[in-house]
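Those protein sequences? They're chains S and H, same order as listed.
Under the numbering used here, the first residue of the first sequence is numbered 1, with each subsequent residue one higher.
Under the numbering used here, the first residue of the second sequence is numbered 1, with each subsequent residue one higher.
Accuracy of the hints is not assured; some may be wrong.
As the list claims (entries may be wrong) - Each computed DSBU-like pair below joins lysine-lysine, with the alpha-carbon atoms no more than 35 Å apart:
1. K76(S) - K184(S)
2. K116(H) - K142(H)
3. K76(S) - K116(S)
4. K116(H) - K291(H)
5. K291(S) - K165(S)
6. K142(H) - K184(S)
7. K184(H) - K291(S)
8. K116(H) - K79(H)
9. K184(S) - K116(S)
10. K291(H) - K184(S)
11. K184(S) - K79(S)
12. K86(S) - K184(H)
13. K86(S) - K166(H)
14. K184(S) - K166(S)
15. K79(H) - K184(H)
16. K142(H) - K166(H)
17. K79(H) - K184(S)
18. K86(H) - K76(H)
No lab work stands behind these hints, which were simulated from the structure alone.
Protein chains: 2
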Amino acid sequence: MSLIVTGTIGIDTVYTPAGEHREGVLGGSCAYFAAAASFYGPVRLVAAVGDDFPDSHHATLSRFERIDTAGLEVRKGSKTFRWGGKYLDNMDHRESLFTELNVLEEAPPVVPDSFKDSEYVFLANMHPGLQADLLSQIESPKLAVADTMDLWIDVARDDLAALLKKVDGLVLNYDEAEQYTGTKNPVTAGRRILDEGPTFVVVKKGEHGAILVHRDGVAALPAYPAETVIDPTGAGDTFAGGMMGHLARTNPSDPADFDTLRRAMAHGTIIASFTIETFSLDRLAGLTDDKINARYAEFASMVAIG
Amino acid sequence: MSLIVTGTIGIDTVYTPAGEHREGVLGGSCAYFAAAASFYGPVRLVAAVGDDFPDSHHATLSRFERIDTAGLEVRKGSKTFRWGGKYLDNMDHRESLFTELNVLEEAPPVVPDSFKDSEYVFLANMHPGLQADLLSQIESPKLAVADTMDLWIDVARDDLAALLKKVDGLVLNYDEAEQYTGTKNPVTAGRRILDEGPTFVVVKKGEHGAILVHRDGVAALPAYPAETVIDPTGAGDTFAGGMMGHLARTNPSDPADFDTLRRAMAHGTIIASFTIETFSLDRLAGLTDDKINARYAEFASMVAIG
């Protein structure tokens, strides 16, 4: 079924604790999500970049053949969003070195008419007011899920609360769940968010996995125990891409069902475990379905205890 | 099959972030382990206390009918080990308020002759030199597993390294794995410890679950996503108690087998999830097999993704 993602496409500079770094690589929540989701089926991308967006990054995106870039706006005279960050010793924590919003400060990208019948909608991390605006352009979403970040909880809390009334699910980090709700326990935090509207919340814990807090139950999954962790950028976005991609591919009668989501999270877990093995989308660009399926099977047997 | 545990029995004072506290409650690695393991079968306890050890704590231990206290020495004129601690906002971190070693500074307890044929041996947290000494008194262990802590890594590293050559498995916390090996990645840390002798290492991550690093593979399990967390004291010891108790009960031909251990860890996960719901052994003292089995089944279905 039709899956659409809106969010940012950026040019990233990333420093790792091991001393390696990459300048000007392809990044952004939407790019990571779409690349991951494309392993499961077609994905429609809506985002804006400037005319400084390098041909090589266009080429990288086009390597993911099932990404439909009809909604990728290249704006003359605008500059692409740029972000630089440094991972601290613990790969789950990072500091931003610089953030140049550029095109993100302009009018949001337009959803092409041909995308308006999308059934699966992922609102990757951006201002919750824009997320709501983009969601309103989709005619009849079957499942709408949003991501968010600490910045929006700080500066756009009301917009985020309004968005929560319109989406089926929210995906956010462990620290952000605490920030939004004031409670450290991720299950309690998740329940408080459910009280504001959604059917489910996925609390992402990086290397420690994820917790699903749903009106019908609670579930936890570990991360795949990866030994090769070079650059965690995009892990959360590709997790969401695998989760939503699997849901769109299987198109269950109720994609917000507890057990369905729990299994979809496992697919997100596996695609995310590849993402972090190198910088940017490099690992995904060379990934095959066979490798994904083999790791999924390994992971499934790793947690099979029934 | 026969399971033996050696370690500390203490009198604890515990402060929680919620402002609650308990003074003088039953604690110690050996007490927690034995209480948990007793749900799976008989468990032989070897530890020493002073004559200040209250009757009420003896009574609590005797509520766990399958704990054999023939190896519990009550020393006239000695004082019981006492520990006070305060949990910080994050329940996974605590500070020690006081530590009175008392009887732990005297000669170690003696393994009764009737316990020397024990097949499953758990060396709960204490000085690794004493752990090795106690292990040497067991005639023919089928599976020997040790726990340790940051203090011994600091002050008795050589003794710990020597112990690693004698045990099948080591159980330790995430921070301790890093402390011992100098690497943050728990899988890499585990592999380095394997190089020193054991067949497997279990890296405990508190609320984030545990990772098994084994010569034959790596596995991860989440913790049970608990909403009621009052006092995490003893979570790791009862995790080990459930794991070893399950192994002793089922007595597989190779208890150090990867898949066998992976499943045993799930039993540890569940019994630990009860421990933290109240102070001391209070929750375990009122626990039934039915409750354990129901939560195990819930957990198994929560992580079933195959």
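For each hint, the structure was consulted:
A threshold of 35 Å between alpha carbons decides the hint, and for K76(S) with K184(S) the separation of about 45 Å lies outside it, so the pair is violated. For the hint pairing K116(H) with K142(H), the CA-to-CA distance comes to about 12 Å; that is within 35 Å, so the pair holds. With a C-alpha separation of about 25 Å, the suggested pair K76(S) and K116(S) falls inside the 35 Å cut-off, and the hint holds. For the given pair, K116(H) sits about 33 Å from K291(H) by alpha-carbon distance, which is consistent with the 35 Å threshold.
Using a Cα cut-off of 35 Å, the hinted pair K291(S) and K165(S) is violated, with the two alpha carbons roughly 38 Å apart. Taken as a hint, the K142(H) and K184(S) pair is broken in the structure, with Cα atoms around 42 Å apart against an allowance of 35 Å. Restraint check for K184(H) and K291(S): satisfied, since their Cα atoms lie roughly 26 Å apart, inside the 35 Å limit. At roughly 27 Å between alpha-carbon atoms, K116(H) and K79(H) fall within 35 Å of each other, so this suggested pair holds.
Distance hint between K184(S) and K116(S) is unfulfilled; the C-alpha atoms sit about 38 Å from each other, more than 35 Å. Proximity of K291(H) to K184(S) is assessed by CA-CA distance (about 26 Å); at most 35 Å being required, the pair is judged to hold. A threshold of 35 Å between alpha carbons decides the hint, and for K184(S) with K79(S) the separation of about 39 Å lies outside it, so the pair is violated. With a C-alpha separation of about 17 Å, the suggested pairing of K86(S) with K184(H) holds against the 35 Å cut-off.
The straight-line distance between the Cα atoms of K86(S) and K166(H) is roughly 42 Å, outside the 35 Å bound, and the hint therefore fails. Simply put, K184(S) and K166(S) have alpha-carbon atoms about 25 Å apart, close enough for the 35 Å limit, and the pair holds. Distance check on the hinted pair: K79(H) and K184(H) sit about 39 Å apart at the alpha-carbon level, beyond 35 Å; violated. At roughly 12 Å between alpha-carbon atoms, K142(H) and K166(H) fall within 35 Å of each other, so this suggested pair holds.
Restraint check for K79(H) and K184(S): not satisfied, since their Cα atoms lie roughly 38 Å apart, outside the 35 Å limit. Among the hinted pairs, K86(H) with K76(H) is consistent with the structure: their alpha-carbon atoms are about 30 Å apart, no more than 35 Å.
Going through the hint list in order, the structure does not satisfy hints 1, 5, 6, 9, 11, 13, 15, 17.
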